[in-house]
Amino acid sequence: MNPLCNRAEHVSRRALLKGVLGTAAGGVVMNWGGLTQTALGDEVKKQQKHCIYLFMNGGASQFETFDMKVGRPTGGVFRPISTNVAGTQICELMPKMAQQMDKIAVIRSMKTSEVDHPGGIYLMHTGYRPSANVRFPEFGSVVAKYQGREATALPNFIKIFGHGDAGSGFLGPKYQPFEISPEGQLPQFSGSNLSPEKELRRHELRNFLEERYAQENPSELARMHRESYEAARRLQGARQAFKVDAEWEKYKGLYGDSAFGRRCLLARCLVEAGVPFIEIGQSSYDSHADNFSWHKGLVPPMEHAWAGLMTDLTDRGLFDKTLIVWAGEIGRTPNINNRAGRDHYVRCWSAALAGCGIKGGQMYGASDENGVEVKDNPVSEGDFFATIYKALSIDPTTQNFAGVRPIPLAPFGSKVVGDLVS
Amino acid sequence: MNINNPKLLWQLTFEGAWPTAVAFLGSSRKLAAANQDGQIFVWDLPEEPPMFEPEKKNSERKAPNHWPARRLVGHTNGVTRLIATADGQTLVSASLDHSIRLWQPNDAATGTADAILDADERKNRAKREKKDEILTAPGVTVETQASAVALAGHDDWVLTIGAGRDGRRLISGDASARVIVWDMAERREIVRWSGRTWNWIVAAALSADGQTALVSEYRYKRDDFDIPAAALRVYDAASGNEKLDILKTMFPKLKPGETSYGSAQVWRKFMAQGLVAADISPDGALAALAQGGETDTGKIQLVETATGKLVREVSGHQYGATDVKFSADGKHVLSTGRDTTLRICQVDDGKEVTALGSPRGGQFKDWLSAVAISPDESTVAAADIAGMVHVWRLAN
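The listed protein sequences derive, respectively, from chains A and B.
Residue numbers are given in our numbering: position 33 of the first sequence equals residue 33, and the series is strictly consecutive.
Residue numbers are given in our numbering: position 27 of the second sequence equals residue 27, and the series is strictly consecutive.
What follows is a list of derived Cβ distance ranges for each label pair:
hint	chain 1	residue 1	chain 2	residue 2	range
1	B	331	A	335	36 to 46 Å
2	B	254	A	227	41 to 51 Å
3	A	132	B	313	46 to 56 Å
So these bits of chain B aren't anywhere near chain A, every CB distance computed over 10 Å:
hint	residue
4	51
5	58
6	60
7	65
8	87
9	104
10	106
11	187
12	313
13	359
Stretch-level coverage of chain A by chain B, calculated; a stretch enters the list once three of its residues show a Cβ under 8 Å from a Cβ in chain B:
hint	region
14	255 to 265
15	282 to 289
16	293 to 307
Because the hints were derived from the structure by calculation, they are not lab data.
Cβ atoms here follow ideal geometry from the backbone N, Cα and C, with glycine treated the same way.
Using the sequences plus the hints, can you model the full thing?
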């Protein structure tokens, strides 16, 4: 794989528009119920809340991060360190986050239902298991809908090396994520190689033709096409928001000199610019072999960047309005296999939340002595997303419609973990 | 080294945490092995093993066990490497607990303790017979001994140690890219230097006279999109001055900081997932480098230390090599790997003379994690993560 370009960058403008038009038709029909909830959306938007999803692709090990089992057969080779919360210890790989533990809430009792990567990634981006009948939206799309702003130059849902592939689902193409490269470069289709004058002339001609067409053929599909094109044009004027070279030189020390650190800095810049949802991915946690070496390689730059992000957001007065979600799609097995690895595990694993009213300094739930089963306060994927929505001032029971079927944001029966949200 | 119809003499039970390191202590009948919990045991082996018949035809146990005599107490986390002076008077251990410890295993013991080395067998029996008391029943009584000296200077996992054949100098490297050369007699640092930021020192070796150091660096993944990094350099061991950058010599077009995967592939064929073990031939002319990590090739690379020229690839451990050593005459190179074999190859032509042990079938079946050669070169040993130390006599 070439790290300089990803799949999204190979999509031509024509292909993009074709895709947008294709999905728009379904989206408009399926999401008609959502149109009735504009009052709720407007109210939520006033909150101006943001969410940054730190996604640990492949599934980071709970044993090598937040739920150590030192001295147990499942414990592994790392040692715990104390944190700035009395009596709380985490893995030695996370010294900077150890000093920010008073700001974060760790859930040590995640119990989810998809044990492999595709299903797990879908689950931990939507709150739902994959279904043949319903295209559930990623929670980034939900946040874009309820916390996003209309007619902004920047997209409301941006992925920097994001990993979810569910997209906006039944919410429709308006809330589709805008994906940029692992290095934070914009996709090729987001720029025009025409001179501004030529581009303007072409735009005016296209606009004229579309308006004439719309007058004679009033259609939701055509309207969405125009909106998509307008959004792409507006982005031209906001490209500067993605250029962080100067900021990077200044903040490299705070975030750590890593690709993930740079992504976190870009996320902060985008939050400042008003983007409600940004997903940042870090890859390669699927450590079926050499789990300890891999985590010793992966976790330090990640935690350095995460701690830097929290500091930076706090310094700028944005921490209280920005929810940070840290999770992968799965956890890892208590058993250490004969490749020095840990395999997939979802019966008991860890995730974390911070900012935006999350009550920091707590370890919520508990695993048993070997980390095999949840001992206290299990948290399902539904509970997890219900809590996230609550923190973002979005009612998790809000329903959208897939056809005529009402779908709540978090699955029916999900409970907000009240101890985590103030 | 005389290799003629090698015979498996012993399979020393060392269950629980994985055995990670092994070394002979001045004799083919005295050896030490360590594991991932930081335990080190010393075995005094009888001259000949007793008669042994495997319980089952396909049993992994094909030779008798013998219990250890002594436990060396001190490490609080996994031991990564063991080396011993030729006379067996001093054993050196490197550990994930950030320390290097020196032991005099021939000194008087300081106490006794009960040791359980058959933890896996007990678990199976306890489950089969439904008797939990089997797990905690007394084990073997062993002497105990504390370490004489702990060398402090590393602040991270000490992943590698190496020594000159005269035993006067020691080199060590850690996961924070720090390298230290030690004076063994005075137990003090001679010089220290650092590799590239974020790299780990995964292998280090000294020439026979202790004058030249070979250091292999590797950076484990920080992300798919961070710059892949590694280094392989020869240094003056007294000053820490670089004498040769082998990777630069081998891949002159590869720029430091190059981020493209195309470039990474150039050196990945040579580096695999890091050259995780290294040794320098007795005459100082060649370096043997083991391709580690979980990799298909697991080759042993032989490189000229003066020029950085790749002489040849030898052997190959499917899924990765773990350790490598030259024989005392420099004619053979011995290696272990994730294919559960100990392979012995001729240096001159790369021909494999013998492969001891056998792949256990299927993918990813345990590893032999380390190799040791007895001072008289009659016997070799390998640590097996399945919970054994195998001991072979090379000529029978």
